[in-house]
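Chemist: Residues per chain are reported as follows:
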Amino acid sequence: DSGVTQTPKHLITATGQRVTLRCSPRSGDLSVYWYQQSLDQGLQFLIQYYNGEERAKGNILERFSAQQFPDLHSELNLSSLELGDSALYFCASSPLADPGYNEQFFGPGTRLTVL
Amino acid sequence: DQQVKQNSPSLSVQEGRISILNCDYTNSMFDYFLWYKKYPAEGPTFLISISSIKDKNEDGRFTVFLNKSAKHLSLHIVPSQPGDSAVYFCAASGGSQGNLIFGKGTKLSVKP
Numbered sequence: 001d002s003g004v005t006q007t008p009k010h011l012i013t014a015t016g017q018r019v020t021l022r023c024s025p026r027s028g029d030l031s032v033y034w035y036q037q038s039l040d041q042g043l044q045f046l047i048q049y050y051n052g053e054e055r056a057k058g059n060i061l062e063r064f065s066a067q068q069f070p071d072l073h074s075e076l077n078l079s080s081l082e083l084g085d086s087a088l089y090f091c092a093s094s095p096l097a098d099p100g101y102n103e104q105f106f107g108p109g110t111r112l113t114v115l
Numbered sequence: 001d002q003q004v005k006q007n008s009p010s011l012s013v014q015e016g017r018i019s020i021l022n023c024d025y026t027n028s029m030f031d032y033f034l035w036y037k038k039y040p041a042e043g044p045t046f047l048i049s050i051s052s053i054k055d056k057n058e059d060g061r062f063t064v065f066l067n068k069s070a071k072h073l074s075l076h077i078v079p080s081q082p083g084d085s086a087v088y089f090c091a092a093s094g095g096s097q098g099n100l101i102f103g104k105g106t107k108l109s110v111k112p
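As you go down the protein sequences, you meet chains A and B in turn. Sequential numbering of the first sequence, starting at 1, is according to this note's numbering. Sequential numbering of the second sequence, starting at 1, is according to this note's numbering.
The hints are simulated quantities; they were obtained by calculation from the structure and are not laboratory data. Worth double-checking, as some hints may not be accurate.
Calculated lysine-lysine pairs in the DSSO-like style (CA-CA distance at most 30 angstroms, straight line) [said to hold, decoys possible]:
#, chain 1, residue 1, chain 2, residue 2
1, A, K9, A, K57
2, B, K56, B, K104
3, B, K56, B, K5
4, B, K71, A, K9
5, A, K57, B, K107
6, B, K54, A, K9
7, B, K5, A, K9
8, B, K71, A, K57
9, B, K56, A, K9
10, B, K54, B, K104
11, A, K57, B, K5
12, B, K5, B, K71
13, A, K57, B, K111
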């Protein structure tokens, strides 16, 4: 158990809908990262928040947005969903702001299916 | 354009033998490399890392080798155990790319 929790575990929705994925980082970790893993793809970095502020942005679509709240939990909002958005979405956390030189701890993921 | 490539989608090894997982990268600015292991229905877990100032890092049965001139790294697992069966992801960071760039993974199957 990494200490990172994600809810829900599974989500099935229809095209055009909007969903919210939730992540609680490990106790004491200030950075939260969101990744997308589509079929047969590696983990694609979406966005990072550090202590409530956006720190880095990756290949995140404009239809997607995220935020980190004062209690450090984070939410990833996906809107106008398309079939291609079906994927595993992972949240990770780490103590530091610099994402590249320290280990990230991953949650179990949310499997999103768009029908 | 994939900056981190794991060209073998799968690898099958007999228990007790050596498993060698390979990873190539294209960005010469990468200076930190990590391996993650992922079991089904779980998130990736950190396994081992190596900085570009080293060419080898060892942790128990796991050793990572880095060849900077070839832009290649490999993970050796000796001896392999059935519990090592998982998907292994290589990741890299450095330079202007501060975040982790992951490969697509290699599925390792260790047969008893």
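Chemist: Hint compliance check: list the failing hint numbers for this structure, sorted ascending.
Modeler: 4, 6, 9, 13
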